[in-house]
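Q: Here the protein sequences come in this chain order: A and B.
Count the first sequence with UniProt numbering and you get residues 1 to 426, in order.
Count the second sequence with UniProt numbering and you get residues 1 to 636, in order.
The hints are simulated quantities; they were obtained by calculation from the structure and are not laboratory data.
Errors might be hidden in some of the hints.
Stated by the list, open to error - Simulated pairs of lysine-lysine, PhoX-like, Cα-Cα distance not exceeding 25 Å:
#, chain 1, residue 1, chain 2, residue 2
1, A, K115, B, K338
2, B, K132, B, K144
3, B, K467, B, K499
4, B, K434, B, K458
5, B, K504, B, K458
6, B, K434, A, K215
7, B, K142, B, K153
8, B, K347, B, K601
9, B, K338, A, K411
10, B, K338, A, K215
11, A, K379, B, K285
12, B, K511, B, K553
13, B, K280, B, K544
14, B, K511, B, K458
15, B, K469, B, K544
What the hints assert, rightly or not - Partial list, computed: chain A residues near chain B (C-beta under 10 Å):
#, residue
16, Q169
17, E261
18, N304
19, A408
Here the structure is a predicted model, which is why all the values come from computation and not from measurement.
Note that the Cβ used here is the ideal one computed from N, Cα and C, for glycine as well.
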Amino acid sequence: MSQVQARFFTENKKYLIDDVPFSIPAASEVADLSGVINKLLEAKNGQDLQDFLKVIFQKLCGIYYLETWDKTEVVEIEYVEKFTAPQPEECIMHDDWISSVEADSEWILTGSYDKTARIWSMEGKAVMTVAGHTDVVKDVAWVKRSENLQTGSLVVNDASLLLTASLDQTIMLWEWNSERNKVEARHCCRGHAGSVDTVAVDPTRTKFCSGSWDKMLKIWSAVPTVEEDEIEEPNRPRKKQKTEQMGLTRTPLMTFSGHNEAVSSVLWMDAEELCSASWDHTIRLWDAETGEQKSTLTGSKVFNSISYSPLCRRLASGSTDRHVRLWDPRSKDGSLVLLSLTSHNGWVTAVRWSPSHEHQLVSGSLDNVVKLWDTRSCKAPLYDLAAHEDKILCVDWTENGLILSGGADNKLYTYRYSTCVSDAGA
Amino acid sequence: VSDSNFSLLVFITFSVRSQDIRNTVGNIPMEWYKDYPHIGYDLEGKKIFKPIRNKDELDEFLDKMENPDYWRTVQDKMTGADIRLSDEQVDLVHRLQQGKFGDVNFNEYEPAIDFFSNEVMIHPVTNRPQDKRSFIPSLIEKEKVGKLVHAIKMGWIKPRRPKETTPQYYDLWAKEDPNSILGRHKMHVPAPKMKLPGHEESYNPPPEYLLSEEERLAWEQQDPEYRKLSFLPQKFACLRAVPAYSRFIHERFERCLDLYLCPRQRKMRVNVNPEDLIPKLPKPKDLQPFPTTQSLVYRGHSSLVRSISVSPSGQWLVSGSDDCTVRFWEVSTARCLKTVEVGGAVKGVAWNPNPSICLVAVSYDDTVVLLNPGLGDRLVCTATDQLISSYEEPEEVMDQSVQWAVAEGEGHEQGHRLILKHPKTVRQVTWHGKGDYLACVMPDNGSSLQVVIHQVSKRRTQNPFRKNKGLVQCVSFHPIRPYFFVATQRYVRVYNLIKQELTKKLMANCKWISSMAIHPGGDNVICGSYDCRLAWFDLDLSTKPYKVLRHHKKALRSVAYHRHYPLFASGSDDGSVIVCHGMVYNDLLQNPLIVPVKVLKGHTITHDLGVLDVTFHPTQPWVFSSGADGTVRLFT
Numbered sequence: 001m002s003q004v005q006a007r008f009f010t011e012n013k014k015y016l017i018d019d020v021p022f023s024i025p026a027a028s029e030v031a032d033l034s035g036v037i038n039k040l041l042e043a044k045n046g047q048d049l050q051d052f053l054k055v056i057f058q059k060l061c062g063i064y065y066l067e068t069w070d071k072t073e074v075v076e077i078e079y080v081e082k083f084t085a086p087q088p089e090e091c092i093m094h095d096d097w098i099s100s101v102e103a104d105s106e107w108i109l110t111g112s113y114d115k116t117a118r119i120w121s122m123e124g125k126a127v128m129t130v131a132g133h134t135d136v137v138k139d140v141a142w143v144k145r146s147e148n149l150q151t152g153s154l155v156v157n158d159a160s161l162l163l164t165a166s167l168d169q170t171i172m173l174w175e176w177n178s179e180r181n182k183v184e185a186r187h188c189c190r191g192h193a194g195s196v197d198t199v200a201v202d203p204t205r206t207k208f209c210s211g212s213w214d215k216m217l218k219i220w221s222a223v224p225t226v227e228e229d230e231i232e233e234p235n236r237p238r239k240k241q242k243t244e245q246m247g248l249t250r251t252p253l254m255t256f257s258g259h260n261e262a263v264s265s266v267l268w269m270d271a272e273e274l275c276s277a278s279w280d281h282t283i284r285l286w287d288a289e290t291g292e293q294k295s296t297l298t299g300s301k302v303f304n305s306i307s308y309s310p311l312c313r314r315l316a317s318g319s320t321d322r323h324v325r326l327w328d329p330r331s332k333d334g335s336l337v338l339l340s341l342t343s344h345n346g347w348v349t350a351v352r353w354s355p356s357h358e359h360q361l362v363s364g365s366l367d368n369v370v371k372l373w374d375t376r377s378c379k380a381p382l383y384d385l386a387a388h389e390d391k392i393l394c395v396d397w398t399e400n401g402l403i404l405s406g407g408a409d410n411k412l413y414t415y416r417y418s419t420c421v422s423d424a425g426a
Numbered sequence: 001v002s003d004s005n006f007s008l009l010v011f012i013t014f015s016v017r018s019q020d021i022r023n024t025v026g027n028i029p030m031e032w033y034k035d036y037p038h039i040g041y042d043l044e045g046k047k048i049f050k051p052i053r054n055k056d057e058l059d060e061f062l063d064k065m066e067n068p069d070y071w072r073t074v075q076d077k078m079t080g081a082d083i084r085l086s087d088e089q090v091d092l093v094h095r096l097q098q099g100k101f102g103d104v105n106f107n108e109y110e111p112a113i114d115f116f117s118n119e120v121m122i123h124p125v126t127n128r129p130q131d132k133r134s135f136i137p138s139l140i141e142k143e144k145v146g147k148l149v150h151a152i153k154m155g156w157i158k159p160r161r162p163k164e165t166t167p168q169y170y171d172l173w174a175k176e177d178p179n180s181i182l183g184r185h186k187m188h189v190p191a192p193k194m195k196l197p198g199h200e201e202s203y204n205p206p207p208e209y210l211l212s213e214e215e216r217l218a219w220e221q222q223d224p225e226y227r228k229l230s231f232l233p234q235k236f237a238c239l240r241a242v243p244a245y246s247r248f249i250h251e252r253f254e255r256c257l258d259l260y261l262c263p264r265q266r267k268m269r270v271n272v273n274p275e276d277l278i279p280k281l282p283k284p285k286d287l288q289p290f291p292t293t294q295s296l297v298y299r300g301h302s303s304l305v306r307s308i309s310v311s312p313s314g315q316w317l318v319s320g321s322d323d324c325t326v327r328f329w330e331v332s333t334a335r336c337l338k339t340v341e342v343g344g345a346v347k348g349v350a351w352n353p354n355p356s357i358c359l360v361a362v363s364y365d366d367t368v369v370l371l372n373p374g375l376g377d378r379l380v381c382t383a384t385d386q387l388i389s390s391y392e393e394p395e396e397v398m399d400q401s402v403q404w405a406v407a408e409g410e411g412h413e414q415g416h417r418l419i420l421k422h423p424k425t426v427r428q429v430t431w432h433g434k435g436d437y438l439a440c441v442m443p444d445n446g447s448s449l450q451v452v453i454h455q456v457s458k459r460r461t462q463n464p465f466r467k468n469k470g471l472v473q474c475v476s477f478h479p480i481r482p483y484f485f486v487a488t489q490r491y492v493r494v495y496n497l498i499k500q501e502l503t504k505k506l507m508a509n510c511k512w513i514s515s516m517a518i519h520p521g522g523d524n525v526i527c528g529s530y531d532c533r534l535a536w537f538d539l540d541l542s543t544k545p546y547k548v549l550r551h552h553k554k555a556l557r558s559v560a561y562h563r564h565y566p567l568f569a570s571g572s573d574d575g576s577v578i579v580c581h582g583m584v585y586n587d588l589l590q591n592p593l594i595v596p597v598k599v600l601k602g603h604t605i606t607h608d609l610g611v612l613d614v615t616f617h618p619t620q621p622w623v624f625s626s627g628a629d630g631t632v633r634l635f636t
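Turn these sequences into a full structure, and let the hints steer you where they fit.
A: Below, the structure is given as structure tokens:
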């Protein structure tokens, strides 16, 4: 049996081992290598630590080629902590397709094709149904959660604000009192001339941006007021009546035009910078204050979804092909696509970076599979979460390590994923 | 001076003297005095006149006839006088003309005395003493000899080699490679071998080879050229009884004739690399983007989907099916947002191409319904409804072949707006690019009412043709100019709607046209036919197809062009959609480039039907196809 010289290294100081080459069998599998590392660590640190420590290797794919390595060379293998596979927790049934999901530490907000948005508890209990739109809800977002809310002079405790964007060309700002479990439409944001496909709330939680099929991006105030904005078209009494029923009409603060096709996804990179992805094969960066277009990243396919990680300062995009692409939004030179993650078999409809880990992201696709990626191992995903029976339309990843995915099989799956300490902090 | 020269001189002096006129001007060209009556001057300074010559042609002629000495009279150019030549002079002229010596007495054949002969005489010919140089050695020769001696000493001059007496031979084929195939070997054609004798030529053939009596008679009556056998098989009791072969000389002679009269030569086989015959086409990889994979399947219909159409924004897709429903889909998610039931199997759907109008024309049975699906911009939808409701009935009611009715009640709730009742089954509906005119096809062989054009804003119906030749298959409006394309079974006719005349007739070279699409530039047309062909017409080039593609295995049902990308697609009964790159150049000299790029498979064949309709997304390089399996598929 042929042997290969291998040197193991890691960035995590907690699990350092001696920097000497080891001779390992060339036919070693990941599990064998993990065993080697675990043995070494046991010998070094004593028994008590090692019962739960597992190791994975960055070059997961490289492992299979160990036998082809030159026997005189020393193989460098990085090892990192192994994360336990995401554990499926809940399966929340909806009445219709789930178009969007956003969760925080306590509540899950989903938008559905049955024209409503729903609030769920973490245990999968339906808490509230937000109904008011006349058409499919395409995107949802939390604005504010359970803080003291200033509405005029009145101080209301324990009320959350949330947004729903719909195919009926409006965005609704709702106020939800979780104590009394009452939801109230505060504002109906009118101005788009196409279905509103995406909304994003800025980091200061005072504004939000929406992207629509009418190729426009609009910025709106997210602060509820008691006054109604002036309606620009007063000659439509029927519409006006409706708005009175469903909250006060609000008009946009700013409109950004520049995309040649429908805007599919929008996000705030920081308080001053906006990023939008569109069907015209571009990702554009905007200055949120001036409305100026700062730079354009051009791809070759329609973008479905983008996500930005402040930890690694990368954009991830899902488009109408099989690849998840990583972009450097700051780079001005040539190659904009840093990495392509290829494993899906259908359009990538949703991507989301881990809020706590700089290398991990999750992607959902039309091939019914949610994939969890580590950008250090770009050839294959870490885990495939194949629970859905139909197209996946949305994914989310919360701060406390919960991965959510919803799709055309009317089910919202949640997975518990062990929160890991970011390597950068260790 | 020879005697002849002397006599000439005598002659000249004699002639001068005899005339007694002196030439006073000397030997000058006489033409200088041509225009004067005189030549020179005498001693007293008086002009010497030329003899008067007033003879005209007639006098000359008379003179010639009458004067016996005319022939010997010449004019003296020096004096201008006529001179009669004497007998001696005439004789002299004759002698000179004959090339003889002038002197009669001169003997040119006098016997020659040979002083210098080969005979050695005892006395020298001349008495001259020999020169001194004849007795002393020559210095020049000495110098030359010295040079030669020096050259010999220095070795510059070598003595002549003795001549070799043995004959020189060389090997003619010494440089030849014994292993190489030479021309004479290569071109060698062996003589054809003679056929070996068979059993019938045996002296004792098996009885089945022996001819019966009738056969023998037939053989004898047959022309020798047509005989199967050139001899009669014969049976002998033993080899000894076999006589001499009577045809031996004859056969040898024929063999020799065969060998030298029949030319034996190699046939030149043209060596062409078969790959060179394939036209150079760019690789499909370089022609991206084009649809390559199936991305979405729009499921919901329970029967075959006859027709699909995409909204001008590209957000919605409408499909009409034999299950009597029209479904509206969200393109990006394959979500069915709306289902509208109609009263029959839907034959055609067409979304209004005008982005400011939200209308879908749906044809079933003999009815065309204009639907407002209520998708897209709300303002556009309400504006469309207002446009339809704001119609005012004109005073004079025209008698129309099509009845227009406004939908009410439950139909209006579902989105029905206008209902057009036709006299016959409507097969196809298509909009004009502006979105006001709607053309419907009611195939009926020989009828005058096969195509009608509706104007929606005025609710008017026109029958553009008094007479239709053949069975109309489909119609289409030109995307830019006021032309109207009508495809019958064999031909596509192009009409100018303003001049109301036939401009072109395209011959499709196929049995039965099924579908037609016009390039967005307007100068190219593709036609699909039921005999598996797709014909591309370049209207500027010819009325015959520029190219015919036979990629499908079964009948084509639908063809479509992309609005922006250089792509076209065809759907067929074999369940596949073939996407081709069809680049049209602005340069009139450059022909369109047609490259098949992808075969898209996905539809299952149901009841021998595969793909029924194909259409492209208006902005993306995506193609939709609807099939007999009740699905619509999106390929990206």
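Q: Evaluate each hint against the coordinates.
A: Hints and how they fare:
no., hint, result
1, K115/A - K338/B, "14 Å, holds"
2, K132/B - K144/B, "21 Å, holds"
3, K467/B - K499/B, "17 Å, holds"
4, K434/B - K458/B, "14 Å, holds"
5, K504/B - K458/B, "30 Å, violated"
6, K434/B - K215/A, "23 Å, holds"
7, K142/B - K153/B, "16 Å, holds"
8, K347/B - K601/B, "24 Å, holds"
9, K338/B - K411/A, "22 Å, holds"
10, K338/B - K215/A, "24 Å, holds"
11, K379/A - K285/B, "24 Å, holds"
12, K511/B - K553/B, "15 Å, holds"
13, K280/B - K544/B, "23 Å, holds"
14, K511/B - K458/B, "39 Å, violated"
15, K469/B - K544/B, "19 Å, holds"
16, Q169, "6 Å, holds"
17, E261, "6 Å, holds"
18, N304, "8 Å, holds"
19, A408, "7 Å, holds"
The structure does not agree with the numbered hints 5, 14 stated previously, though it agrees with the rest.
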